[in-house]
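Trainee: Generate coordinates for the entire structure from the input sequences, incorporating the hints supplied.
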Amino acid sequence: MHADGWAGMSWPRDFGGRGLSATEDAIFNSESASVNAPLPINLVGMNLAGPTIMMHGSETQKSRYLHRILSGQEIWCQGFSEPGSGSDLASLTTKATKVEGGWVVNGQKVWTSSGHLAHKCMLLTRTHPEASKHKGITYFLADTKDFDIRPLVMINQDAEFNEMFIQDVFVSDDDLLGQPGDGWRYALSTLSFERGTIGYTLQVWARRALEKLIGIVTELGIQDDPLVQERLGRFEAEVEAIRITGIRAMSSLENGSVPGPESSILKILWARTVQSINKYSIEVRGATGVYADDRASSYVVHHYLRSRGHSIEGGSDEIMKSIIAERVLGLPKSR
Amino acid sequence: MSAVLSDIQLELMRIARVISEDGLRRFRDVLQKNSLEIEPSTTLMRDFGLLAVPEERGGDGGGLVDLLVFVEGLGRNLEPNRFVHHAAALQVMVEAGLNIGVLGTMQDVVLAVFDAPGQVWGDWHLDMSKDVVRGWKLAVPFATTRSLAVVVGANDQVGVIGIASTKPRTGIDPSLSLADIELAGRPLDRADGGSNALLRGQLVLAASVLGASRGALLAAAEYAKTRHQFGRPIGSFQGIAHMLADAYVDVEAAWSLLLYAGWSYEVSDGNRRSAAQSAIAKSISTALYASERALQVHGGIGVTWEADPHLYIRRILAVNSQLGQATHHYRQVGSRLATSGPTITVASSGLFSPT
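Quick note, the sequences are listed as chains W and U, same order.
Per this note's numbering, the very first residue in the first sequence carries number 1; after that it's consecutive.
Per this note's numbering, the very first residue in the second sequence carries number 1001; after that it's consecutive.
Bear in mind the hints are in silico, worked out from the structure with no lab data behind them.
Note that the Cβ used here is the ideal one computed from N, Cα and C, for glycine as well.
Any given hint could turn out to be false.
Chain U regions said to be covered by chain W (calculated; three or more residues, Cβ under 8 angstroms) [unchecked claim]:
| hint | stretch |
| --- | --- |
| 1 | 1211 to 1223 |
| 2 | 1255 to 1265 |
| 3 | 1277 to 1283 |
In silico SDA-like cross-links for lysine to any residue, where the CA-CA straight-line distance does not exceed 20 angstroms [unchecked claim]:
| hint | chain 1 | residue 1 | chain 2 | residue 2 |
| --- | --- | --- | --- | --- |
| 4 | W | Lys333 | U | Glu1222 |
| 5 | W | Lys95 | W | Pro83 |
| 6 | W | Lys333 | U | Thr1226 |
Okay, the calculated bits of chain W under chain U, using three or more residues with CB under 8 angstroms as the criterion [unchecked claim]:
| hint | stretch |
| --- | --- |
| 7 | 218 to 227 |
| 8 | 265 to 277 |
| 9 | 316 to 324 |
Mentor: Written out as C-alpha cells, the structure is:
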C-alpha cells in the first residue's frame, strides 16, 4: 500500500504523504473498514507517532523516523498507561535517570497495542520527581529491543495488548522528544490525534455490528416480529447518530478547531451502541446463543466480550462524561 | 463533505435566542393567567412565517435545516408561540406539494394529526378524498375558526381545509392553546403521500422539543454551579455531573439525527422517511429524559410550582404528543431495514447547506 501511495493519505507531501484532508483520509479508512480490510499494521505510528514527531520533533528525528513509519519498516507502540496510572495518566512513575549521552529507564507499561510487533515506542517517563505531576514528565522515542514484552490475554482470549517491563534500558539523547520535563504537553498532542483520527471509522464498526445482527435476524426468519423490528430501528438510529456526529466532529476539526468534546460524545455513543447490538445479537438466538462449540454463536459472543472494553479503552465513559461536564456544561472539576 | 452550521444558520440561532429571551417568563404568565401575549408571535409570523418555503412557491426561501436551527433556538427558552406549529404545517404542505397560495396573505395554518384517543401512528380515519369532509381532529395546537388546517387523513392523503368549529381544551402546556376541531367542508387542496409529508412537519416540532431539553439541561448546569451542599457546588459531584453529561450525549445524538433528516428532505433523499423517523423517535425519548434529569438536579425545589423544571417538562410532554410514539417510528425504521437494508447517502457538498 505504501509503494502505491495509499499510506498516510493526510500526511504532508514533504513527509511522503498525499497531503489530502482529514475527511478524505476518513473516507478511505471507512471504505477499507466496510470491506473488512484489516487495520494498517502501523496504525499507531501513522496516526499518533508520526503527527507528534511532525509537530514536536527535531529535523533529525523527522528525517530519521517519518518515512520509516509510512513504509511500515518501523512499527510503533504507545508507552503511556501504567498499572498504577490508567485514567490518571499524569501520575505515571516509570523513571528515567540522566546518564552520559542519554537516560536509563525503569518501570512498567500496560495496554500496549502492537507492543509485540513494535520496534519503537512513544515512551512517557518521570524525570523530575520533585516537580508537580504534569511538569516532571519526559517523552522519548525509544527502541523496544531491550523491553521485556508479554501478551495480556483478554476475556475473549485474544491477546491484542501487552505488558512491557523496562529494566535499566538505555535511551539515547537523540531519542529525546523536545525538552526534558515538557513531555505532558507533547502527550496531549498525541492523545488529541488519537481522538481526532478515529471518529469516522467508529461508525463503520458500529454499522458492521448492526449488519451482522440483521444477518442473524434474517437467518432466524424473525424479521417480521414487531419487537425485533423495534430493536433494529433503535439500533439504526444510534448507528446513524454516530455517523452524523462523527461527520460533525470531523468538519469542525477541518474548520480549524482542535478535537473538542464532540469526540467524547462520539466515543460514549459508539461504545454503548456496539455493546448493545452485540448483546442483543446473543439474546436473539435464545438458549443457543451461548453455544461455544458453534461457530456462528461463538463469533458473536467473542465480539460481545471484546466490546466490553470499548467503554474503557481510549478514555473510559466516566472520564468522557467528566470532560463533557467540565468543557461543555461548564461544571466545576468533579474529582 | 462538510457539516458545520453556516453563518446564516448561526445568525438565525442568535436571533431566535434574542426573540425568545424572556420566553420562560411569558410561558409562566400563560400558566398563571392563561393569556398569551400577542408579541412576539406577530413579529415572528411576519418576518419568519415563510422561512424554508421555496421562493418559487411563494415563500421566503432558505432550507429546512435553517428552520430547524431557528426553531431549536426558540425552544431553548420555551418560546410560547404559534410560529413553530404554523411552520410545521407549512412544511407538510411543501413536502406534499399542496398549493401554498390557498392560504392567502398571512393566514394561519395549523397541523391536525390525530383523530382518535390513543391512536397508533399512521392509522388515520378521516377520509380526505371526499368532496365534503366531515369529522373531528383532536388536540390541535393554536386552532381557531380563522385558521386553515393541514389535515392528515386515511389512505395516506393530506389536505388543507377550513375549520368549522372548535372545542377549546386546556392542556398541560396552556401556551399551545389546544382545541378539538370540527371539519365540515370542501378541502381547498389535497395530495397523496400524507404520512411522508407529515414527517417533514414533525421534524420542526421535534427540533422545538429538543431545543427545550437543551435549555433544561443548560439551566440545570447553571443551578449545579451555584447550589452548594457539603461545602461544594453540587456540580462538582460526579453523581450530578455525569447525569447531566449522559443526557447531553443523547441530546447531541438526537440533534445530529435531526440535522441530517432536515438535509435529507431538502435533497429528497430516498431514505428520508427513515432518517426523519429515527430523528423524531430519538428526540421524543431524549427530550423527556433530559428534562427529567434536569429536574432531578434541582432536588426538592425542582418539584415546586415556582421552580422552572416543570415548565420544560410540560412543553416537552405536550409537543411530544403531537409526534406519535417513539416505538412506532422505531418499528417502521427497523421494518424497512430488515427488508431492504440501509441506503446511506454520502453528501457530495455541504451536509447542512446543500448549495
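Trainee: Work down the list of hints and note, for each, if the structure agrees.
Mentor: Here's how the hints hold up against the structure:
For the stretch 1211 to 1223 of chain U, the assignment as covered by chain W holds, since 3 residues bring a beta-carbon within under 8 angstroms of that chain's beta-carbons and 3 suffice. With 4 residues having a beta carbon nearer than 8 angstroms to a beta carbon of chain W, the stretch 1255 to 1265 of chain U meets the requirement of three or more and the stated coverage holds. Residue count for the stretch 1277 to 1283 of chain U with a Cβ under 8 angstroms from a Cβ of chain W: 5. That meets the three needed, and the coverage hint holds. Simply put, Lys333 (chain W) and Glu1222 (chain U) have alpha-carbon atoms about 14 angstroms apart, close enough for the 20 angstroms limit, and the pair holds.
For a cut-off of 20 angstroms, the pair hint linking Lys95 (chain W) to Pro83 (chain W) stands: about 14 angstroms separates their Cα positions. For the hint linking Lys333 (chain W) to Thr1226 (chain U), the alpha-carbon distance of about 14 angstroms falls within 20 angstroms, and the restraint holds. Coverage of the stretch 218 to 227 of chain W by chain U holds [criterion: at least 3 residues with CB-CB distance below 8 angstroms; count 4]. Counting residues of the stretch 265 to 277 of chain W whose CB lies closer than 8 angstroms to any CB of chain U gives 3, so the stated coverage by that chain holds, three being the minimum.
Using a Cβ-Cβ cut-off of 8 angstroms, 5 residues of the stretch 316 to 324 of chain W lie near chain U, which meets the minimum of three, so the contact claim holds.
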